[in-house]
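*Asks:* So the sequence lines, in the order shown, correspond to chains A and B. Using the numbering used here, the letters of the first sequence map in sequence onto residues 1 to 117. Using the numbering used here, the letters of the second sequence map in sequence onto residues 1 to 113.
Hints may contain errors.
Claimed, not checked - Just so you have them, the derived chain A footprint on chain B, three or more residues with Cβ under 8 Å: (1) 62-73; (2) 103-111.
Said to hold, decoys possible - Straight line, CA to CA, 30 Å or less: simulated BS3-like cross-link-like pairs of lysine-lysine: (3) A/Lys71 to A/Lys5; (4) A/Lys54 to B/Lys57; (5) A/Lys56 to A/Lys5; (6) A/Lys54 to A/Lys68; (7) A/Lys38 to A/Lys54; (8) A/Lys5 to A/Lys37; (9) A/Lys68 to A/Lys56; (10) A/Lys71 to A/Lys56; (11) A/Lys68 to A/Lys38; (12) A/Lys38 to B/Lys9; (13) B/Lys57 to A/Lys71; (14) A/Lys68 to A/Lys37; (15) A/Lys38 to A/Lys56; (16) A/Lys5 to A/Lys68; (17) B/Lys57 to A/Lys5; (18) B/Lys9 to A/Lys5; (19) A/Lys38 to A/Lys71; (20) A/Lys71 to A/Lys54; (21) A/Lys56 to B/Lys9; (22) A/Lys71 to A/Lys37; (23) B/Lys57 to B/Lys9; (24) B/Lys57 to A/Lys37; (25) B/Lys9 to A/Lys37; (26) A/Lys54 to A/Lys5; (27) A/Lys37 to A/Lys56; (28) B/Lys9 to A/Lys68.
In short, the hints are calculated from the structure, not lab data. The model shown is predicted, which means the values in this text are computed figures rather than measured ones. Note that the Cβ used here is the ideal one computed from N, Cα and C, for glycine as well.
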Amino acid sequence: DQQVKQNSPSLSVQEGRISILNCDYTNSMFDYFLWYKKYPAEGPTFLISISSIKDKNEDGRFTVFLNKSAKHLSLHIVPSQPGDSAVYFCAASATMNYGGATNKLIFGTGTLLAVQP
Amino acid sequence: DSGVTQTPKHLITATGQRVTLRCSPRSGDLSVYWYQQSLDQGLQFLIQYYNGEERAKGNILERFSAQQFPDLHSELNLSSLELGDSALYFCASSSESGGSPLHFGNGTRLTVT
């Protein structure tokens with residue numbers, strides 16, 4: 001059962017334009033959501049997160065939006081740069097299932113973003 | 001640099017063998033998590049340790065085991081290896097509090113021939 005889904009395996013955008021990566025989840029107990037970026041031969045790098053009590057979180061060029069009723073989140077990158085080309089993973093956690101004692105993350109399968117110069 | 005160190009980077013071994021993967025968490029992090037990434041798959045959670053004790057378990061095979069030592073480093077032991085165990089194995093660490101991101105090492109690439 002895939003609790004976190006990224007339905008677009010790949011996305012191509014032009015440099016300077018907006019990149020929008022999407023993620024859907026099924027578990028209503030998830031209360032913490034994150035985006036990770038991964039380059040080949042490296043581990044995932046934390047980008048940005050959002051708690052379920054918020055609907056938007058911004059950090060520089062990166063903004064994450066959360067729509068709890070739709071169980072959907074998205075990552076916006078504006079403006080996109082060639083260095084943003086990587087695989088982006090959406091992840092979710094039900095932190096309070098364990099009384100806040102675990103940050104175990106459930107990952108989506110990733111979206112390969114290619115930013116064309 | 002995430003501060004999480006994994007060794008070795010690459011491991012090639014034969015079916016039926018046993019290997020040990022090692023992870024040192026970020027300074028101050030008490031939790032260690034192990035993930036497996038097979039070809040074209042997302043990261044699958046295996047197991048979490050917190051301050052030496054098992055805290056959460058995922059779809060970890062019985063042939064696999066892990067432990068966290070008093071100095072907080074962790075080892076993942078994989079035995080009776082099969083071809084399908086070939087994958088990237090990532091270790092991550094986090095602080096104690098809920099709602100904190102995991103910080104990942106660069107992984108160990110295991111190839112079973």
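*Asks:* All hints, please: hold or fail.
*Replies:* Hint by hint, here is what the structure shows:
1. 62-73: It is violated, with 0 qualifying residues against the three required.
2. 103-111: Our answer is that it holds, as 5 residues pass the Cβ test (under 8 Å) against chain A, meeting three.
3. A/Lys71 to A/Lys5: OK: A/Lys71 and A/Lys5 at ~11 Å, within 30 Å.
4. A/Lys54 to B/Lys57: Between A/Lys54 and B/Lys57 the Cα gap is close to 29 Å, so the pair holds against 30 Å.
5. A/Lys56 to A/Lys5: With Cα atoms ~20 Å apart, A/Lys56 and A/Lys5 stay inside 30 Å; holds.
6. A/Lys54 to A/Lys68: holds, 9 Å
7. A/Lys38 to A/Lys54: This hinted pair holds, its Cα atoms lying about 25 Å apart.
8. A/Lys5 to A/Lys37: holds, 16 Å
9. A/Lys68 to A/Lys56: Roughly 11 Å separates the two Cα atoms, so the pair holds.
10. A/Lys71 to A/Lys56: holds, 14 Å
11. A/Lys68 to A/Lys38: Within the cut-off at roughly 26 Å; holds.
12. A/Lys38 to B/Lys9: holds, 16 Å
13. B/Lys57 to A/Lys71: Holds: B/Lys57 and A/Lys71 sit about 25 Å apart, inside 30 Å.
14. A/Lys68 to A/Lys37: With a Cα-Cα distance of about 23 Å, the restraint between A/Lys68 and A/Lys37 holds, given a limit of 30 Å.
15. A/Lys38 to A/Lys56: holds, 23 Å
16. A/Lys5 to A/Lys68: holds, 15 Å
17. B/Lys57 to A/Lys5: Holds, at roughly 21 Å.
18. B/Lys9 to A/Lys5: Judged against 30 Å, a Cα distance of about 29 Å means the pair holds.
19. A/Lys38 to A/Lys71: Roughly 24 Å between the alpha carbons, so the hint for A/Lys38 and A/Lys71 holds.
20. A/Lys71 to A/Lys54: With Cα atoms ~13 Å apart, A/Lys71 and A/Lys54 stay inside 30 Å; holds.
21. A/Lys56 to B/Lys9: Since the Cα atoms of A/Lys56 and B/Lys9 sit roughly 37 Å apart, the hinted pair is violated (cutoff 30 Å).
22. A/Lys71 to A/Lys37: holds, 21 Å
23. B/Lys57 to B/Lys9: OK: B/Lys57 and B/Lys9 at ~24 Å, within 30 Å.
24. B/Lys57 to A/Lys37: holds, 25 Å
25. B/Lys9 to A/Lys37: holds, 20 Å
26. A/Lys54 to A/Lys5: OK: A/Lys54 and A/Lys5 at ~21 Å, within 30 Å.
27. A/Lys37 to A/Lys56: holds, 19 Å
28. B/Lys9 to A/Lys68: Roughly 39 Å between the alpha carbons, so the hint for B/Lys9 and A/Lys68 is violated.
Hint compliance for this structure: hints 1, 21, 28 are broken, all remaining hints hold.
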